[in-house]
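Model the placement of chain B on the given structure of chain A, informed by the hints.
Protein chains in written order, with my numbering: chain A, 1 to 207; chain B, 1 to 207.
Where hints are given, some of them may not hold.
One copy or any two copies: either way a pair holds, since identical chains are not told apart in the list.
[To be verified] The calculated DSBU-like cross-link candidates involving lysine-lysine, where the alpha carbons are at most 35 Å apart (straight line), are:
| id | residue 1 | residue 2 |
| --- | --- | --- |
| 1 | 204 | 70 |
| 2 | 206 | 70 |
| 3 | 94 | 48 |
| 4 | 204 | 112 |
| 5 | 206 | 173 |
| 6 | 173 | 112 |
| 7 | 206 | 100 |
| 8 | 206 | 48 |
| 9 | 48 | 173 |
| 10 | 112 | 206 |
| 11 | 48 | 70 |
| 12 | 70 | 49 |
| 13 | 173 | 49 |
| 14 | 100 | 48 |
| 15 | 112 | 48 |
| 16 | 49 | 112 |
| 17 | 100 | 49 |
| 18 | 173 | 94 |
| 19 | 112 | 100 |
| 20 | 173 | 70 |
| 21 | 204 | 173 |
| 22 | 94 | 206 |
| 23 | 49 | 206 |
Calculated from the structure, these hints are not laboratory results. None of the values given here were measured: they were computed from a predicted structure.
There are 2 protein chains.
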Amino acid sequence: MIVEQPVTRFLDELASGSATPGGGSAAAIMGAMGAALVSMMCNLTIGKKNYAEVEGEMRSVLQAAEGLRKRLADMVAEDIAAFDGLMAAYGLPKDTDEQKTLRSAAIQNGLKAATDAPLDCARASADVIALSLRAAQVGNRNVISDAGVGALAAQAALRSAALNVYINVPSIKDEVFARSRRDEIDALLASAVPLAEQAFELVKTKL
Amino acid sequence: MIVEQPVTRFLDELASGSATPGGGSAAAIMGAMGAALVSMMCNLTIGKKNYAEVEGEMRSVLQAAEGLRKRLADMVAEDIAAFDGLMAAYGLPKDTDEQKTLRSAAIQNGLKAATDAPLDCARASADVIALSLRAAQVGNRNVISDAGVGALAAQAALRSAALNVYINVPSIKDEVFARSRRDEIDALLASAVPLAEQAFELVKTKL
Numbered sequence: 001m002i003v004e005q006p007v008t009r010f011l012d013e014l015a016s017g018s019a020t021p022g023g024g025s026a027a028a029i030m031g032a033m034g035a036a037l038v039s040m041m042c043n044l045t046i047g048k049k050n051y052a053e054v055e056g057e058m059r060s061v062l063q064a065a066e067g068l069r070k071r072l073a074d075m076v077a078e079d080i081a082a083f084d085g086l087m088a089a090y091g092l093p094k095d096t097d098e099q100k101t102l103r104s105a106a107i108q109n110g111l112k113a114a115t116d117a118p119l120d121c122a123r124a125s126a127d128v129i130a131l132s133l134r135a136a137q138v139g140n141r142n143v144i145s146d147a148g149v150g151a152l153a154a155q156a157a158l159r160s161a162a163l164n165v166y167i168n169v170p171s172i173k174d175e176v177f178a179r180s181r182r183d184e185i186d187a188l189l190a191s192a193v194p195l196a197e198q199a200f201e202l203v204k205t206k207l
Numbered sequence: 001m002i003v004e005q006p007v008t009r010f011l012d013e014l015a016s017g018s019a020t021p022g023g024g025s026a027a028a029i030m031g032a033m034g035a036a037l038v039s040m041m042c043n044l045t046i047g048k049k050n051y052a053e054v055e056g057e058m059r060s061v062l063q064a065a066e067g068l069r070k071r072l073a074d075m076v077a078e079d080i081a082a083f084d085g086l087m088a089a090y091g092l093p094k095d096t097d098e099q100k101t102l103r104s105a106a107i108q109n110g111l112k113a114a115t116d117a118p119l120d121c122a123r124a125s126a127d128v129i130a131l132s133l134r135a136a137q138v139g140n141r142n143v144i145s146d147a148g149v150g151a152l153a154a155q156a157a158l159r160s161a162a163l164n165v166y167i168n169v170p171s172i173k174d175e176v177f178a179r180s181r182r183d184e185i186d187a188l189l190a191s192a193v194p195l196a197e198q199a200f201e202l203v204k205t206k207l
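Chain A extracted, bound-state conformation (with noise of 0.2 Å):
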């Protein structure tokens, strides 16, 4: 599992000529880093007096942060399987016309396997953008500064996840499937890069 690889070697591939690791894979790290980071402030808060109050809410933050930064981690994987997929399908052969349907079908699957595995790295990361703006709102102040790397690194990840989304739909020929997925996005995006942004003001003010 390229995760299980050191840092500089994963980014030694992602420089590399080769199709993945990829922006997808970058992604889903950004992802989990962004919920790390929500898990440390949580980390940092719980057990602290002068934060007591709110003891009980930055555990089910840390909870969830924690389901998050799993399942982000893990998608760097899926989002290779996903792309590898589509590739094998586009070289299938097509000299026949019964291969050439066997083919047309494979890469319909491909690019929506290749369309979910960014559809699901930016629904966790919206997620992760809406812990990083708790945790910034009530967490502890001296570490707020995390709360706001945390919801930058979330936005860039459902940003770069959407743009995965987008160069895979106009080929799909099935248009609720296409319509459903590229709706679901533009959603995502309109709703939690906002609160991204809010986070990273109300960090700067309270710094």
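Just chain B now, kept in the frame of chain A:
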């Protein structure tokens, strides 16, 4: 070195209740991921017949991106050292007047180092944004989303580094130093954040 550890281990340490690694390290890694994605785009453009015209420029962009990636990866450790140095200064004894004077001077030096570390990260990230935009403008259109993710990652890195500059400058007593760093980070945000937005919009249009 923390960047020689597995990605998942880095995420575990980021999430933990220890003060480092924190947002500064996450910023440097986002910047390094942005640079790596620019390199990927260059590597998938260089040698392609349709992009022969821009091959020379893409080679220069690749070289610059690889230099920035190395620098940003090194900054993870530099950020941790600067933060730990500041924390050590706060921990110095303050029983006698002489100790108080020494501690105060050490804190001021620590604050300056903990301001210049993220400022370096911000400068490098702004450079990555400029390279991402150029890659999106002339690079291989088949992998343009990776240039877009590169711009978003570097933008998040820049804005995250800015939070870590803003958190320290109010405590710095050397007003000339404080003002020069605040002016520089304001200028970097004002010039480079819109370039990243331009890259994002360009990529969306070209998808």
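Outcome of the hint check:
Within a single copy, residue 204 and residue 70 get their C-alpha atoms as close as 29 Å, and across copies as close as 29 Å, so both meet the 35 Å cut-off. When the C-alpha separation of residue 206 and residue 70 is checked against a cutoff of 35 Å, the pair qualifies both within a copy, at 30 Å, and between copies, at 33 Å. For the homomeric pair residue 94 and residue 48, the shortest alpha-carbon distance between copies (24 Å) is at most 35 Å, but the shortest distance inside one copy (65 Å) is not. Within a single copy, residue 204 and residue 112 get their C-alpha atoms only as close as 40 Å, which misses the 35 Å cut-off; across copies the closest is 19 Å, which meets it.
In this homomeric assembly, residue 206 and residue 173 come within 35 Å of each other (Cα to Cα) only across copies, at 20 Å, whereas the closest approach inside a single copy is 49 Å. Proximity of residue 173 and residue 112 under a CA criterion of 35 Å is satisfied intra-copy only: 10 Å inside one chain copy versus 57 Å between copies. For the homomeric pair residue 206 and residue 100, the shortest alpha-carbon distance between copies (28 Å) is at most 35 Å, but the shortest distance inside one copy (60 Å) is not. For a Cα distance limit of 35 Å, the shortest separation of residue 206 from residue 48 inside one copy, 19 Å, qualifies, whereas the shortest one across copies, 50 Å, does not.
In this assembly of identical chains, residue 48 and residue 173 lie within 35 Å of each other by CA distance solely across copies; the values are 30 Å between and 55 Å within a copy. For the identical chains of this complex, residue 112 and residue 206 are inter-copy neighbours only, at 20 Å across copies versus 43 Å inside a copy, given an alpha-carbon limit of 35 Å. When the C-alpha separation of residue 48 and residue 70 is checked against a cutoff of 35 Å, the pair qualifies only within one copy, where the shortest distance is 26 Å, while the shortest distance between copies is 38 Å. In this assembly of identical chains, residue 70 and residue 49 lie within 35 Å of each other by CA distance solely inside one copy; the values are 29 Å within and 42 Å between copies.
For the identical chains of this complex, residue 173 and residue 49 are inter-copy neighbours only, at 30 Å across copies versus 58 Å inside a copy, given an alpha-carbon limit of 35 Å. Within a single copy, residue 100 and residue 48 get their C-alpha atoms only as close as 64 Å, which misses the 35 Å cut-off; across copies the closest is 27 Å, which meets it. When the C-alpha separation of residue 112 and residue 48 is checked against a cutoff of 35 Å, the pair qualifies only between copies, where the shortest distance is 28 Å, while the shortest distance within a copy is 47 Å. For the homomeric pair residue 49 and residue 112, the shortest alpha-carbon distance between copies (30 Å) is at most 35 Å, but the shortest distance inside one copy (50 Å) is not.
Only between protomers do residue 100 and residue 49 lie at most 35 Å apart by alpha-carbon distance; the minimum there is 28 Å, versus 67 Å within a single protomer. Proximity of residue 173 to residue 94 under the C-alpha cut-off of 35 Å is restricted to the intra-copy arrangement: shortest distance 19 Å within a copy versus 71 Å between copies. In this homomeric assembly, residue 112 and residue 100 come within 35 Å of each other (Cα to Cα) only inside a single copy, at 18 Å, whereas the closest approach across copies is 64 Å. Proximity of residue 173 and residue 70 under a CA criterion of 35 Å is satisfied intra-copy only: 33 Å inside one chain copy versus 43 Å between copies.
For the identical chains of this complex, residue 204 and residue 173 are inter-copy neighbours only, at 20 Å across copies versus 45 Å inside a copy, given an alpha-carbon limit of 35 Å. For the homomeric pair residue 94 and residue 206, the shortest alpha-carbon distance between copies (28 Å) is at most 35 Å, but the shortest distance inside one copy (61 Å) is not. Only within a single protomer do residue 49 and residue 206 lie at most 35 Å apart by alpha-carbon distance; the minimum there is 20 Å, versus 53 Å between protomers.
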